[in-house]
Amino acid sequence: MTREEIIEKGQVVYKKPVLLNDTPMHYCPGCSHGVVHKLVSEVIEEMGMTDKTIAISPVGCAVFAYKYIDVDWQEAAHGRAPALASATKRLWPDRLVFTYQGDGDLACIGTAETIHALNRAENITIIFINNAIYGMTGGQMAPTTLLGMKTATCPYGREVKLHGYPLKITEIAATLDGTCYVTRQAVHTVAAINRAKKAIRKAFEYSMQGKGSNLVEIVSTCNSGWKMSPEKANKWMEENMFEFYHLGDLKDTGAVK
Amino acid sequence: MTEEIIIAGFGGQGVLSMGKILAYAGLMEGKEVTWMPAYGPEQRGGTANVTVIVSDAPVSSPILSSYDTAIVLNQPSLEKFEPKVKPGGVIIYDGYGINEPPTRKDIDIYRIDAMDAAAEMNLIKTFNMIVLGGLLKIHPVVGIESVLAALRKTLPERHHHLIPKNEEAIRKGMEIIRKL
Amino acid sequence: MADQEITLMKGNEAIAHAAIRCGCDGYFGYPITPQSEVLETLAEQKPWETTGMVVLQAESEVSSINMVYGGACTGKKVMTSSSSPGVSLMQEGISYMAGAELPALIVNVMRGGPGLGTIQPSQSDYFQACKGGGHGDYHLIVLAPASVQEMADFVDLAFTLAFRYRNPAMILADGAIGQMMEKVVLPPFKPRRTEEEIIRECPWATTGRIGGRKPNIITSLELRSEEMEVINLRIQAKYREIEAKEVRYEEFMLDDAEYAIVAFGSAARIAKKSIEIARSQGIKVGLLRPITLWPFPTEEVKRLAGKVKGILSLEINAGQMVEDIRLAVEGKVPVRHFGRLGGIIPDPDEVVEVLKSSF
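Residue numbers (the numbering used here), protein chains in the order written: chain A, 1 to 257; chain B, 1001 to 1180; chain C, 2001 to 2359.
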């Protein structure tokens, strides 16, 4: 049965957003990126911002985000996406400008750009995929790698003496006067996906209302890097990641401003 | 006519601003000018100097090996620039800042007790304008009217009431400069 | 300030005023001596209240150049300025912009290195500017001003060339040109392009999919080697076109010259004084001043080699441009280099002595 035949029979129960094109994604099966891409696409469409969105992709697994979501994209150097976004938004204030970054990009090499863009109250949103590992380069330690977690560059497990502590950059962001909305979400269940979508929508709305900078962290899995099945990875995330990276809003000043 | 001048002294003596007024006055007379400071931390307490060139023709190098006129306001500047005055050139020095006066015989040496005069007049801040007056007396590189016009151009409006005091200082300098 | 007003200002200030006047949309920078007056002048002028130009002090030069990268992606006229150590930090972003073929202006008011070096003038970033300072096969269009007037004039010229070829352009000045004051006639005011004009003139830019056009993607990434080679070849063809069309230089007293000095920027100013002195002593010497350092006036230097007995490359560095001169001269006449290092500027007399002893 072709897609057209199904649509003709009025049997559509689910439709992907138009902005999410038909290019097969390079992400591993079970990866959270695909879900978040869909949410971002849906929110842009629902806000009617298709023709006014400028997105910035990172270096990391999401480097090719521009292949899948049909908006204008700038591909940044590693860690620099918030700098590109800052200038873009200031030069085009009525555009929806967001970055899409992973933990290595945002919380390690791009820490300065992240902190300062957020603290300058740039009217942008940062979507932050935290899977506690460098996915694209083959599973090395990230700033967010949990203690005890094994990666290619901490094969015996992360330990404080050797590697220091995992970085809670979202908590840091919440302390900055420039941030409006800072939240930590996940996409491992239908309920979580719905909450994450609302969070992205709120962040995008605030950025368009000029209320300051917004950070939406999505605690994610990397089943390839973690060397687990998608199902196990989700379970491991719930048991270990959520314990350190608590889900929920850390800051929301948008409603009162 | 090309006049190549070095003005040198301590930071805070108004060396750079004196040069700027001179260059600006030259500009207002339609001349070509360059103002090249020795910039950097030297400005703060150490020695400061600026090369000013005023010319009827386009100026080539803003940086020079020798000068027509050296205005030196402290001992280290005198030691540095006395040998660099062209034969037949001029040194103007402030008697207050210099214990061992210039010795060359092949140049004209002028002394101006500008610091003393500024103190007497209770106009310490116009010290550099007194020195400039001295220069204009012996070497009318630019006209005094152009200097006053330059002051009007470069001083913020809120300081324009000080222009008569500056004029007074320039005239004082013209009066007290003396050849040795 | 009225159009065409003659005024006295520093080279750095002239850059700032010229940027506002030529319709620049955004400046992103970070303080460093000896160029901080660029950002200071812009902050003082508040162009965001007049032309609408954005001025932003970034957290680092790394961030500045990536702000420029982002702004350039959207078709806006954007620029940054810095001095040598800061420009070293920017090399990553400059390479990305060259790879993504983006127009932008970078101003380097050079100081002496290596490392933190000195804050005094130098020309020791010639290699970095002209040979592709970052990774990959690329070139910037490099303009070398020798006066405050050229600091002002080259801002618009650099933007024009950058947009004509979709390539970053650099104004390579030095601390002397940045810090000295000279007479300058500021360029007339040119309005910033409207968003509609930008969308029309830069159909490649990430302005949002206005009118429902297909998405624009600005990237320097292409993992398929065959495709990446094609992209590289296209960029190289563009460079050949720039080399053919955009060489700029000045000749000074070369008609009867037996010797030539080749010098750029403030070294060329010193050279002119040295030539005055040398000619008064009966030495027939002239100057070729490259205005574009890349593309380098190779053909002109080659012609010069057929005419003079020797060429002196006067640079405020240990000998960088001299390599390009030697490539052009192909051994036909002796080519010597003279330069001072560490922030010391050669004085006109010592250049004359070098001329006398070199050939």
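Derived by calculation from the structure, the hints in this document are not laboratory data. Note that CB positions come from ideal geometry on N, CA and C, so glycine has one too. Some clues are possibly wrong.
[Stated by the list, open to error] Computed beta-carbon distance windows for the label pairs:
no.	chain 1	residue 1	chain 2	residue 2	range
1	A	Thr175	C	Leu2341	45 to 51 Å
2	C	Ser2280	B	His1160	57 to 63 Å
3	B	Pro1156	C	Arg2213	29 to 35 Å
4	A	Thr175	B	His1160	32 to 38 Å
5	C	Glu2353	B	Ser1017	31 to 37 Å
6	C	Pro2114	A	Gly138	31 to 37 Å
7	A	Asp94	C	Leu2341	49 to 55 Å
8	C	Glu2241	B	Arg1158	51 to 57 Å
Each hint tested on the structure:
{"no.": "1", "hint": "A:Thr175 - C:Leu2341: 45 to 51 Å", "verdict": "holds, 47 Å"}
{"no.": "2", "hint": "C:Ser2280 - B:His1160: 57 to 63 Å", "verdict": "violated, 45 Å"}
{"no.": "3", "hint": "B:Pro1156 - C:Arg2213: 29 to 35 Å", "verdict": "violated, 51 Å"}
{"no.": "4", "hint": "A:Thr175 - B:His1160: 32 to 38 Å", "verdict": "violated, 49 Å"}
{"no.": "5", "hint": "C:Glu2353 - B:Ser1017: 31 to 37 Å", "verdict": "holds, 35 Å"}
{"no.": "6", "hint": "C:Pro2114 - A:Gly138: 31 to 37 Å", "verdict": "holds, 35 Å"}
{"no.": "7", "hint": "A:Asp94 - C:Leu2341: 49 to 55 Å", "verdict": "holds, 51 Å"}
{"no.": "8", "hint": "C:Glu2241 - B:Arg1158: 51 to 57 Å", "verdict": "holds, 54 Å"}
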